[in-house]
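> All chains should be modelled from the sequences, with the hints used to inform the complete structure.
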Amino acid sequence: MENLKKDYSHIKGWGIDADPQNDPTYPMKPHRTDAEQAGYSWERPTQQPVDVEVLHSIERPNVSAVFGTASPPSGLSGMIRRFAFRYSENSYLHWLPLILADRVNVVEGVIDDFKNGHVPNIFVEKGYKAEWKHDKVGLITKFAVAAAVVAGVVVLLRGKDDDHDYDDYDQLTPYNDRDDYDTYDS
Amino acid sequence: MLAMDYRGPKRVRVTQKPMPEIKHPEDAIIRVTRSCICGSDLHLYNGNVPDTRVGTTFGHEFVGIVEEIGSEVTKLKVGDHVLVPFNIACGRCHFCKQGLFGNCHESNPMATAVGGIFGYSHTAGGFNGGQAEYVRVPYANVSPTVIPEGMHIEDAVMLTDVVPTGYQAAEMGGIQPGDTVVVFGAGPVGIMAAKCSWLFGAGRVIIIDHVEYRLEFARNYAQCEAYNFREMEDPVVFIKKTTDWMGADVVIDAVGAEAAGNTMQTITGRKTLLQAGSATALHWAINSVKKGGIVSIVGVYGPTDNLVPIGNVLNKGLTIRANQASVKRLLPRLIEHVQNGIINPKALITHRIPLEEVADGYRLFSAKLDNCIKPVLIPPSARM
Chain S
7 MENLKKDYSH
17 IKGWGIDADP
27 QNDPTYPMKP
37 HRTDAEQAGY
47 SWERPTQQPV
57 DVEVLHSIER
67 PNVSAVFGTA
77 SPPSGLSGMI
87 RRFAFRYSEN
97 SYLHWLPLIL
107 ADRVNVVEGV
117 IDDFKNGHVP
127 NIFVEKGYKA
137 EWKHDKVGLI
147 TKFAVAAAVV
157 AGVVVLLRGK
167 DDDHDYDDYD
177 QLTPYNDRDD
187 YDTYDS
Chain Z
-18 MLAMDYRGPK
-8 RVRVTQKPMP
2 EIKHPEDAII
12 RVTRSCICGS
22 DLHLYNGNVP
32 DTRVGTTFGH
42 EFVGIVEEIG
52 SEVTKLKVGD
62 HVLVPFNIAC
72 GRCHFCKQGL
82 FGNCHESNPM
92 ATAVGGIFGY
102 SHTAGGFNGG
112 QAEYVRVPYA
122 NVSPTVIPEG
132 MHIEDAVMLT
142 DVVPTGYQAA
152 EMGGIQPGDT
162 VVVFGAGPVG
172 IMAAKCSWLF
182 GAGRVIIIDH
192 VEYRLEFARN
202 YAQCEAYNFR
212 EMEDPVVFIK
222 KTTDWMGADV
232 VIDAVGAEAA
242 GNTMQTITGR
252 KTLLQAGSAT
262 ALHWAINSVK
272 KGGIVSIVGV
282 YGPTDNLVPI
292 GNVLNKGLTI
302 RANQASVKRL
312 LPRLIEHVQN
322 GIINPKALIT
332 HRIPLEEVAD
342 GYRLFSAKLD
352 NCIKPVLIPP
362 SARM
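So the sequences go chain by chain: S and Z. So the first sequence is numbered by the numbering used here: it starts at 7 and just counts up by one. So the second sequence is numbered by the numbering used here: it starts at -18 and just counts up by one.
Calculated from the structure, these hints are not laboratory results. One or more hints might be untrue.
[What the hints assert, rightly or not] For lysine-lysine, the following DSS-like pairs were computed, each having C-alpha atoms within a straight-line distance of at most 25 Å:
| no. | chain 1 | residue 1 | chain 2 | residue 2 |
| --- | --- | --- | --- | --- |
| 1 | S | K142 | Z | K349 |
| 2 | Z | K(-9) | Z | K252 |
| 3 | S | K12 | Z | K222 |
| 4 | Z | K309 | S | K148 |
| 5 | S | K121 | Z | K(-9) |
| 6 | Z | K297 | Z | K221 |
| 7 | S | K12 | Z | K221 |
| 8 | S | K139 | Z | K221 |
| 9 | S | K121 | Z | K(-2) |
| 10 | Z | K252 | Z | K272 |
| 11 | Z | K349 | Z | K(-9) |
| 12 | S | K135 | Z | K4 |
| 13 | S | K18 | Z | K327 |
| 14 | Z | K272 | S | K148 |
| 15 | Z | K252 | Z | K271 |
| 16 | Z | K58 | Z | K4 |
| 17 | Z | K252 | Z | K327 |
| 18 | S | K142 | Z | K271 |
| 19 | Z | K(-2) | S | K135 |
| 20 | Z | K4 | Z | K349 |
| 21 | Z | K271 | S | K12 |
| 22 | Z | K349 | S | K135 |
| 23 | Z | K349 | S | K139 |
| 24 | S | K148 | Z | K297 |
| 25 | Z | K272 | Z | K222 |
| 26 | Z | K252 | Z | K222 |
| 27 | Z | K297 | Z | K222 |
Here you go:
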């Protein structure tokens, strides 16, 4: 453990911005003017034309003077987002539907890709090339674990399917065919 | 134009998108020359920020050349090489007038808790970001700043977020000469916060992480002590012991939602999203700071809720200060520091990646491969 050093000459700029006034553990009021008491009254910038659908928080009365137009709401995810924006930022009914909409939007994105004749290259999009270059063992392990999990799930489901067939067989086979049933069972 | 294109959690690609247009008389269109992937972009990349829509372009740290200006832009002219702070600020609302440029009320209709941020989901205004060849920059008269003559553009791009956020983390700590400062997180912002803590007169600076190469980098770059929490039984007890059982004067959370180190937090915050990110670093910060001390938060969390020991905040009489960095307010001082050689931001850059390989850049940074500290994207036109 290093002890507290008293000589800071090796650190360029040590103490250059020290400010004894900046001690927020004691009550202090920053320099303010009466303007802060005037509420939402400043001279607003020119309003950007609202030429796309903009969902705005119900905690404000209007659309801000500028806004982004990156991905207006659309499709099922858009419907969910519109629902979410009926609730305030204080509500889970705002945030949880937005997370749901994000996941729905991912599926919509894949569908749109196929509609546009584009097959998503998952290997490239997930940046596995970098991982292959710098962490081959990790990537191989990851794929091996995923393959094992998938194989396990498949085996489990096939087992369930077999049970299901068995039940069907049991229900559909007439009583007088019980010999066949026994054969099947064994 | 080429632009990064978000397709879903951990899936991004580069695609051809329409050129951005002037939408407002104070807009400018910038041809990007450098953009960064930020640690906070990883929260978007991992699908942790609500209202992150497929098809958007990330990127809130960028510099570039002014290509076109709106009719009311007077501060910039076509051809200027500018650095663009990540906050979109009108400069005239109540909050901008207080110097709270990260809290502008005229740049984000979708949420009131945060101002507009380039490429940071619709929760931060729905703006496309700078991981592209071109980007629309609103309020071009306010925050974008011409890069001073002689300044390297890779120093300039780090002044759009990393340096001011690290500096403000230290500033919000209210560091008094001789104070012991603990920084959780040895990512680019944490390393910068450690470096800047000295400028405020810290007597001792300690950085805590679990990635050994980053700790080594922090030791050299920020001249601080650096420790691996995986080698401790309990990081809070470690800090208490090393501060003569008192706790640190100031603790900085420079991790945010992606924190490792606590299984319960990881499962509820990162794997199942039952809380707005894993609050492990903040938990440790509250418990390891001295009674009456200050916790400074610059790590980014989602907008819902987090599990933190708020009872200890009360019982210890702590002050918590937090905000997105107010880049415009801090820029003049930080430009001076860079020009005087007190801060060397571009030394944090470890990877320069063609924009076309953005997916690899995200994976590299996210998985901490190849000793990555800070990746920078270079669009094709900037490589000519």
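> Are the hints correct? Go through all of them and say.
Verification of the supplied hints:
With a C-alpha separation of about 14 Å, the suggested pair S:K142 and Z:K349 falls inside the 25 Å cut-off, and the hint holds. Of the supplied pair hints, the one linking Z:K(-9) and Z:K252 holds, its CA atoms being roughly 13 Å apart against a limit of 25 Å. Between the alpha carbons of S:K12 and Z:K222 the distance comes to roughly 20 Å, so the proposed pair stays at or under 25 Å and holds. Under the criterion of a C-alpha separation no larger than 25 Å, the hint pairing Z:K309 with S:K148 is inconsistent with the structure, at around 44 Å.
The hinted pair formed by S:K121 and Z:K(-9) meets the criterion: a straight-line CA distance of about 22 Å does not exceed 25 Å. Pair hint Z:K297 plus Z:K221 holds up; C-alpha atoms about 14 Å apart against a cutoff of 25 Å. A threshold of 25 Å between alpha carbons decides the hint, and for S:K12 with Z:K221 the separation of about 21 Å falls inside it, so the pair holds. Proximity of S:K139 to Z:K221 is assessed by CA-CA distance (about 42 Å); at most 25 Å being required, the pair is judged violated.
Restraint check: the Cα-Cα separation between S:K121 and Z:K(-2) comes to about 17 Å, which is no more than 25 Å; the hinted pair holds. With a C-alpha separation of about 33 Å, the suggested pairing of Z:K252 with Z:K272 is violated against the 25 Å cut-off. A hinted pair counts as satisfied when its Cα atoms are at most 25 Å apart, and Z:K349 with Z:K(-9) qualifies at roughly 14 Å. Annotation: proposed proximity of S:K135 to Z:K4 is violated, straight-line Cα distance about 38 Å (limit 25 Å).
Proposed proximity of S:K18 and Z:K327 is supported: the alpha carbons are some 17 Å apart, at most 25 Å. With a C-alpha separation of about 45 Å, the suggested pairing of Z:K272 with S:K148 is violated against the 25 Å cut-off. For the given pair, Z:K252 sits about 32 Å from Z:K271 by alpha-carbon distance, which is inconsistent with the 25 Å threshold. Our distance criterion of 25 Å between C-alpha atoms is met by Z:K58 and Z:K4, whose separation comes to about 17 Å.
Pair hint Z:K252 plus Z:K327 does not hold up; C-alpha atoms about 33 Å apart against a cutoff of 25 Å. Taking the CA atoms of S:K142 and Z:K271, the gap is near 44 Å; set against the 25 Å cutoff, the hint is violated. Distance check on the hinted pair: Z:K(-2) and S:K135 sit about 24 Å apart at the alpha-carbon level, within 25 Å; holds. Restraint check for Z:K4 and Z:K349: not satisfied, since their Cα atoms lie roughly 38 Å apart, outside the 25 Å limit.
Only pairs whose Cα atoms come within 25 Å are accepted, and Z:K271 paired with S:K12 is accepted, the gap being roughly 21 Å. For a cut-off of 25 Å, the pair hint linking Z:K349 to S:K135 stands: about 14 Å separates their Cα positions. About 13 Å separates the Cα atoms of Z:K349 and S:K139, which keeps this hinted pair within 25 Å; it holds. A hinted pair counts as satisfied when its Cα atoms are at most 25 Å apart, and S:K148 with Z:K297 does not qualify at roughly 44 Å.
A C-alpha spacing of about 15 Å is found between Z:K272 and Z:K222, which places the hinted pair at or below 25 Å, so the restraint holds. The suggested pairing of Z:K252 with Z:K222 is violated, with an alpha-carbon distance near 33 Å, which exceeds 25 Å. A hinted pair counts as satisfied when its Cα atoms are at most 25 Å apart, and Z:K297 with Z:K222 qualifies at roughly 18 Å.
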